[in-house]
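Asks: For the protein sequence lines, the chains are A and B, in the order given. Under the working numbering, the first residue of the first sequence carries the number 1, and numbering increases by one thereafter. Under the working numbering, the first residue of the second sequence carries the number 123, and numbering increases by one thereafter.
Check the hints yourself; a few may be wrong.
[Said to hold, decoys possible] Here are the simulated DSSO-like cross-link-like pairs (lysine-lysine), alpha carbons at most 30 Å apart as the crow flies:
| id | chain 1 | residue 1 | chain 2 | residue 2 |
| --- | --- | --- | --- | --- |
| 1 | B | 526 | A | 105 |
| 2 | B | 124 | B | 526 |
| 3 | B | 219 | B | 332 |
| 4 | B | 267 | B | 279 |
| 5 | B | 526 | A | 93 |
| 6 | A | 105 | B | 493 |
| 7 | B | 247 | B | 424 |
| 8 | B | 522 | A | 93 |
| 9 | A | 93 | B | 523 |
| 10 | B | 461 | A | 89 |
| 11 | A | 86 | A | 120 |
| 12 | A | 105 | B | 522 |
| 13 | B | 418 | B | 446 |
| 14 | A | 76 | B | 461 |
| 15 | B | 461 | B | 447 |
| 16 | B | 436 | B | 508 |
| 17 | B | 523 | A | 105 |
| 18 | A | 112 | B | 493 |
| 19 | B | 219 | B | 247 |
| 20 | B | 124 | B | 195 |
| 21 | B | 461 | A | 105 |
| 22 | B | 461 | A | 93 |
| 23 | A | 86 | A | 105 |
| 24 | A | 112 | B | 461 |
| 25 | A | 120 | A | 105 |
| 26 | B | 307 | B | 195 |
[Stated by the list, open to error] These stretches of chain B come out as covered by chain A in the derived footprint (C-beta under 8 Å, 3 or more residues):
| id | segment |
| --- | --- |
| 27 | 391 to 397 |
| 28 | 475 to 483 |
Since the hints were derived computationally from the structure, they do not count as laboratory data. C-beta atoms are modelled at their ideal positions from N, C-alpha and C, and glycine is treated no differently.
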Amino acid sequence: MDPLYREIILEHWQNPQNAGVLENADIDITETNPLCGDEIRLTIKIKNEKINSILFSGVGCAISQASASLFIEEIKGESLDFVKLKNEKDVLKLLGIELTPARMKCALLIFKTLQIGFTKLQ
Amino acid sequence: MKQDFPIFKTYPDLIYLDSSATSQKPQMVINAVYNFYSKNNSNIHRGIYDLSQSATDMFETIRIKVSKFINAKDAKEIIFTSGATEAINIVANGWGKKNLVKNDFIILSEMDHHSNIVPWIRLKKEIGVELFFLPIGEDFKLDYKKINSRFLGKDLKKIKLVSLTHASNVLGTINPLEEIIQFFKNINPEIKILIDAAQTVPHIPVDIQKLDCDFLVFSSHKMLGPSGVGVLYARKELLENMEPFIVGSHMIKNVTKEDAVWADIPDKFEAGTRNLEGVIGLGAAIGYLQKVGFEKIQTLEKELIVYALDMFEKQKDITLFGSKKSENRLGVFSFAVGKVHSHDVSEILNRSHIAVRAGHHCAQPLMEVLKVSGIVRASIYLYNTKEDIDRLFEGIHEVKKIFKG
Numbered sequence: 001m002d003p004l005y006r007e008i009i010l011e012h013w014q015n016p017q018n019a020g021v022l023e024n025a026d027i028d029i030t031e032t033n034p035l036c037g038d039e040i041r042l043t044i045k046i047k048n049e050k051i052n053s054i055l056f057s058g059v060g061c062a063i064s065q066a067s068a069s070l071f072i073e074e075i076k077g078e079s080l081d082f083v084k085l086k087n088e089k090d091v092l093k094l095l096g097i098e099l100t101p102a103r104m105k106c107a108l109l110i111f112k113t114l115q116i117g118f119t120k121l122q
Numbered sequence: 123m124k125q126d127f128p129i130f131k132t133y134p135d136l137i138y139l140d141s142s143a144t145s146q147k148p149q150m151v152i153n154a155v156y157n158f159y160s161k162n163n164s165n166i167h168r169g170i171y172d173l174s175q176s177a178t179d180m181f182e183t184i185r186i187k188v189s190k191f192i193n194a195k196d197a198k199e200i201i202f203t204s205g206a207t208e209a210i211n212i213v214a215n216g217w218g219k220k221n222l223v224k225n226d227f228i229i230l231s232e233m234d235h236h237s238n239i240v241p242w243i244r245l246k247k248e249i250g251v252e253l254f255f256l257p258i259g260e261d262f263k264l265d266y267k268k269i270n271s272r273f274l275g276k277d278l279k280k281i282k283l284v285s286l287t288h289a290s291n292v293l294g295t296i297n298p299l300e301e302i303i304q305f306f307k308n309i310n311p312e313i314k315i316l317i318d319a320a321q322t323v324p325h326i327p328v329d330i331q332k333l334d335c336d337f338l339v340f341s342s343h344k345m346l347g348p349s350g351v352g353v354l355y356a357r358k359e360l361l362e363n364m365e366p367f368i369v370g371s372h373m374i375k376n377v378t379k380e381d382a383v384w385a386d387i388p389d390k391f392e393a394g395t396r397n398l399e400g401v402i403g404l405g406a407a408i409g410y411l412q413k414v415g416f417e418k419i420q421t422l423e424k425e426l427i428v429y430a431l432d433m434f435e436k437q438k439d440i441t442l443f444g445s446k447k448s449e450n451r452l453g454v455f456s457f458a459v460g461k462v463h464s465h466d467v468s469e470i471l472n473r474s475h476i477a478v479r480a481g482h483h484c485a486q487p488l489m490e491v492l493k494v495s496g497i498v499r500a501s502i503y504l505y506n507t508k509e510d511i512d513r514l515f516e517g518i519h520e521v522k523k524i525f526k527g
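Bound-form chain A, shown alone (with noise of 0.2 Å):
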């Protein structure tokens, strides 16, 4: 098996979880990692302080698309106070393969845009 690019990584990048836009979203952020020019737009819907549905678009390397898809699995219809409290290391942990620094940004680019999605909600 390779290290890397584990079959559950390959799967989510094959037929990723959650793709698409959401209309009249209470969440719309896109955010880039400019190093390589990997885009992701983020729509959320929340309901009684819940996600209520979530989607995901752009362009990226299986490692941005695959934590993207597995992350907003995660988190979907989870309550607002529950996945605030989620941190980087969770989101490494689903993906649970080891990253050099750069490949890090990757994985964590759909992290980094639910938290400035949230700042944008305050």
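Position chain B against the provided structure of chain A, taking the given hints into account.
Replies: Just chain B now, with coordinates in the frame of chain A:
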């Protein structure tokens, strides 16, 4: 040739295919820099003492060497800059701001590098000049005659500058400059021509007088020399009337508390202390290139280009962004492996010590034209071999295996 480059002794497994980004350095260049620091180091144009005099002589000898290398008429037309990017900024600020007005047109191309786009975008923001990008046409060639359908009659008179890359750092296309320059000079002989030769000077002979351009820029680090050094060539009469971009020490004749008088060219454009050891290293790089000879370099590279194109031709699921013909192109191969992202390709190639560039290659407008967000680029130079190309394709095979392409 590899034995002349110490990096390949340090890393015998290294397959370096990123020379369009920067070249490796031969021992001759490294020695020149080392020797300058060990034997000649002192500031130039300052001291009366012997050491300073000899450093000054060395520095000025290289100015002459550079002028001969590109066949400029006068060594005073050679300005040492920090690189091609700074050189273009000097023209944009020193010539552009002084000579261009609102609604004047600058012609660029869709295959230009950010370094030949962004300085002009700033000028557009600052003084309202307009930009027109020559489109890429058939077989990744510049369709410069499109200008006729865009500009009619008096509009043509608004074209003041054509600033073009000699070759695309992504597509590899070498533009037929003599033809293009003639085309624009026929429209109006007053149109100024700037050539970004950063990609070509390392690979093919560049002759200023034959090209008949007004400005030409290139960088030392892409032609075996040290980084942080570049050259701006400009016609003497243009330089004399241009404003310096950076002012300070060395570039003055006289300074009082109220006023300063600029020095003559080339000093006017070389404020502060230049990258002395870098210029000395550039001189050694030119020496190395001349020792090998461009004829040999071109023969060598042509063989690799034909070989690589043939390999690309045989591959399924690989898109090559560039001409499949070996004529009028550099050994620059930008490609995509299926729908695998360029960074994933590069990551897997790196496992086999293959160094390629991934991403937008400082040419985002071109990426838009090609409708890609990023691509992988393998670029060759005189130290590469057929074995390097074989290793690249073995690496690509590995990428396909992992991504089940």
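Asks: Determine for every hint whether it applies to the structure shown.
Replies: Against the structure, the hints:
no.: 1; hint: 526/B / 105/A; verdict: holds (25 Å)
no.: 2; hint: 124/B / 526/B; verdict: violated (35 Å)
no.: 3; hint: 219/B / 332/B; verdict: holds (28 Å)
no.: 4; hint: 267/B / 279/B; verdict: holds (16 Å)
no.: 5; hint: 526/B / 93/A; verdict: holds (25 Å)
no.: 6; hint: 105/A / 493/B; verdict: holds (24 Å)
no.: 7; hint: 247/B / 424/B; verdict: violated (42 Å)
no.: 8; hint: 522/B / 93/A; verdict: holds (27 Å)
no.: 9; hint: 93/A / 523/B; verdict: holds (26 Å)
no.: 10; hint: 461/B / 89/A; verdict: holds (29 Å)
no.: 11; hint: 86/A / 120/A; verdict: holds (18 Å)
no.: 12; hint: 105/A / 522/B; verdict: holds (24 Å)
no.: 13; hint: 418/B / 446/B; verdict: holds (23 Å)
no.: 14; hint: 76/A / 461/B; verdict: holds (28 Å)
no.: 15; hint: 461/B / 447/B; verdict: holds (24 Å)
no.: 16; hint: 436/B / 508/B; verdict: holds (16 Å)
no.: 17; hint: 523/B / 105/A; verdict: holds (25 Å)
no.: 18; hint: 112/A / 493/B; verdict: holds (26 Å)
no.: 19; hint: 219/B / 247/B; verdict: holds (12 Å)
no.: 20; hint: 124/B / 195/B; verdict: violated (35 Å)
no.: 21; hint: 461/B / 105/A; verdict: holds (21 Å)
no.: 22; hint: 461/B / 93/A; verdict: holds (26 Å)
no.: 23; hint: 86/A / 105/A; verdict: holds (17 Å)
no.: 24; hint: 112/A / 461/B; verdict: holds (25 Å)
no.: 25; hint: 120/A / 105/A; verdict: holds (21 Å)
no.: 26; hint: 307/B / 195/B; verdict: holds (20 Å)
no.: 27; hint: 391 to 397; verdict: violated (count 0)
no.: 28; hint: 475 to 483; verdict: holds (count 3)
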